[in-house]
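So you can see what is in the structure, the chains are spelled out below.
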Amino acid sequence: MSTNDAVIDFKQMPDAKGHFGQFGGRFVSETLIHALDELAEMYEELKDRPDFREEFDRDLAHYVGRPSPLYFAERLTQKVGGARIYLKREDLNHTGAHKVNNTIGQALLAKHSGKKRVIAETGAGQHGVASATVAARLGLECVVYMGAEDVKRQALNVYRMKLLGATVIPVESGSKTLKDAMNEAMRDWVTNVDDTFYIIGTAAGPHPYPQLVRDFQCVIGREARAQCLEQTGRLPDALVACVGGGSNAIGLFHPFLNDSSVAMYGVEAGGHGVETGRHAAPLSDGIPGILHGNRTYLMEDENGQIIETHSVSAGLDYPGVGPEHSWLKDMGRVSYVPINDDEAMNGFRSLTRVEGIMPALESSHAIAYAEKLAAASDKDDIIIVNLSGRGDKDILTVAEIDGIKV
Amino acid sequence: MNRITSTLNALRAEGRKALVTYIVNGDPTPQTTLDTLHAMVANGADIIELGVPFSDPMAEGPTIQRGHERALEHGVSLKDTFDVVAQFRETNQSTPIVLMGYANPVERMGYKAFAERAAQAGVDGLLTVDLPPEELGDLDAELRAANIENILLIAPTTAKERIAHITASASGFIYYVSLKGVTGAGHLDIDSVAEKVAAIRETTDLPVMVGFGIKDGQTAKAVSAVADGAVVGSALVSLMSDVSSNEIASKVGQKVAEIRQGLDK
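Protein chains in written order, with this note's numbering: chain A, 17 to 422; chain B, 1165 to 1429.
One chain only, chain A, in its complex shape (with noise of 0.2 Å):
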């Protein structure tokens, strides 16, 4: 399918149940079913009403500190001598990445349910964070799950969750990575159903969650669709994100779906490189199956067992993706391209150096692949970079692959 003869309205998916063509859906365990149902039933009757929508756009513009800026990043551009980079910055937000635009709306729909105890899974510690802030500002008690590995690699952040009041479990099971951390937070969601939110952090999982996260997230996209056209008179010619879950990216991405001058990238972790089968790329070297709740593109063996992923950065270390990604990526209109480990950090350090923007990890695959986009594209073409979140809680990871000891 083409681009252009699909008339889709990109707004009315998913369906009723869940799903994105073949993918998205609803696979849990019976004991989720009804706690799924009323949270979409509450949703839907929440999402268009005007006392919720003003809700979270004021704690939005005074909580988080929206709108964030779309900068023009000069120095860069003339670094790479081809189109105009302008990034959207969401390293500015409070916690410091776009988790929280996410956090703020779900933990308005657990205000709602009246549930006391919110539970989240994290990688990097971002939505760990940004989880356990909200939860603090409403009182609620807040335990994140983390894979033990991952406590290792952002001691920081650890150390941020329990200064907020959340109780972090490492989690010892399996890779000791986020899907393990994800399988234990759906494991206790199951026990304690009842008087328990779960704040999933990315655009998968079972119904309602990829709709929602999106939902919340596009905030992005809309704000950068309008400074777009403010600052420059016209859209964008490209959009470029990276994609572990994938939040950031649909959040970017969705309000521009329906232009279809507009290319986008969504960009993986290539880790060691897609050849090597150490990475985290599961639409760049995947194949469709079912975990956490949703059928998507996962990497899995030849006996469908999740394999072990690898990548710099941990947000991004994960088997599989939102459902709505591998939608996008089997009709076309969104390319999926990866990024390796070493490309990442180069990417760190030019902005850093050139800009005085010192990027997440994550955030790092995209703008290294930006920069290739950039070089390859005419100077008059604008490309926006989602910048998902701040690098601070990266220091020590990029420190040590400097060999220094801070």
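Hints may be right or wrong, so weigh each one.
Okay, the calculated beta carbon distance ranges per label pair [stated by the list, open to error]: (1) A:Ser277 - B:Thr1193: 53 to 63 Å; (2) A:Asn362 - B:Val1407: 51 to 61 Å; (3) A:Gly37 - B:Gly1350: 57 to 67 Å; (4) B:Asp1302 - A:Tyr175: 31 to 41 Å; (5) B:Ala1277 - A:Ala242: 47 to 57 Å; (6) A:Gly130 - B:Ser1356: 18 to 28 Å; (7) A:Glu188 - B:Val1407: 19 to 29 Å; (8) A:Ser351 - B:Asp1199: 50 to 60 Å; (9) B:Asp1199 - A:Asp210: 38 to 48 Å; (10) A:Asp67 - B:Glu1233: 47 to 57 Å; (11) A:Leu154 - B:Ala1277: 34 to 44 Å; (12) B:Ala1206 - A:Tyr175: 17 to 27 Å.
The hints are simulated quantities; they were obtained by calculation from the structure and are not laboratory data.
Keep in mind it's a predicted model, so treat the numbers as computed, not measured.
Here a beta-carbon is modelled for each residue, glycine too, at the ideal position from N, C-alpha and C.
We have chain A already, so just place chain B on it with the hints.
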């Protein structure tokens, strides 16, 4: 007739309750499973639930998670599980075997191939934890075509209207999840089980087995007093880490005998 139905009909006619026992294929090693299956039957298991190892067993508590991990260390997969069932069938043609696991290995094999190979090996039923009736797709028809029962779960949180919807697509028996939680949890409430089983019986004549949180003969007897049988899993899988591999079959058999005795008391 499928072995599950004939076995449960016979038990019902005798006024006896069914004991369903669960282990993970390949746990703790691929060499122990076949003997353990026979030992369970010899000591009173009526139906065997054989876990198919999966990398992300989301519904399992720590005990059965370890079982999956031990089996995966030996690379045990769905294909190996068919092999074990086929070997079991060489000497046992009567005890039903239900494969219990997660959707992705079945999806990867393909629904048609799965149903055909399962039937060929001598599998009688499939219970897929993360495939609610809405997501069954073509699997339902493929299982029917291969005469494999589609065992569905009902949970304490399942609403009344939904119970009828599930029992309408289920076959073999209904698996009632006795508690909100993972396998091996310890907060079983018999009164709430009785209430829910009664609600299930209003919608179907299928036998109802109760599982999750049944650790001994006493709890097995208590739940089967209000249902048609009990499923015991974690209590058996917990033995796999404790004893040396040449004692596994006899230890598991001994435990099954104890539970059988409690159940029949």
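Do the beta carbons of Asp1302 (chain B) and Tyr175 (chain A) sit within 31 to 41 Å of each other?
About 49 Å separates the Cβ atoms of Asp1302 (chain B) and Tyr175 (chain A), which means 31 to 41 Å is violated.
Could you say whether the range 47 to 57 Å given as a hint is met by the Cβ separation of Ala1277 (chain B) and Ala242 (chain A)?
holds (51 Å)
For the hint 19 to 29 Å, verify it against the beta carbon of Glu188 (chain A) and that of Val1407 (chain B).
holds (23 Å)
Could you say whether the range 17 to 27 Å given as a hint is met by the Cβ separation of Ala1206 (chain B) and Tyr175 (chain A)?
violated (56 Å)
Cβ distance range 57 to 67 Å for Gly37 (chain A) and Gly1350 (chain B), holds or violated
Given a distance of about 42 Å, which is not inside 57 to 67 Å, the answer is violated.
Cβ separation of Asp67 (chain A) and Glu1233 (chain B), checked against the hinted range 47 to 57 Å
Holds, at about 48 Å.
Given the hint of 34 to 44 Å, is the C-beta distance from Leu154 (chain A) to Ala1277 (chain B) inside that range or not?
Violated, since Leu154 (chain A) and Ala1277 (chain B) (Cβ atoms, about 50 Å apart) do not stay within the stated range.
Evaluate the given range 18 to 28 Å for the C-beta pair formed by Gly130 (chain A) and Ser1356 (chain B).
holds (22 Å)
Do the Cβ positions of Ser351 (chain A) and Asp1199 (chain B) conform to the proposed distance bound of 50 to 60 Å?
Because 54 Å falls inside the window, the suggested range holds.
Given the range 53 to 63 Å, decide if the beta-carbon distance of Ser277 (chain A) to Thr1193 (chain B) lies inside it.
holds (60 Å)
Whether the CB-CB distance between Asn362 (chain A) and Val1407 (chain B) falls inside 51 to 61 Å
Holds - the Cβ-Cβ distance for Asn362 (chain A) and Val1407 (chain B), about 54 Å, lies within 51 to 61 Å.
Would you say the C-beta atoms of Asp1199 (chain B) and Asp210 (chain A) sit inside 38 to 48 Å of each other?
holds (42 Å)
When each numbered hint is compared with the structure, violations occur for hints 3, 4, 11, 12.
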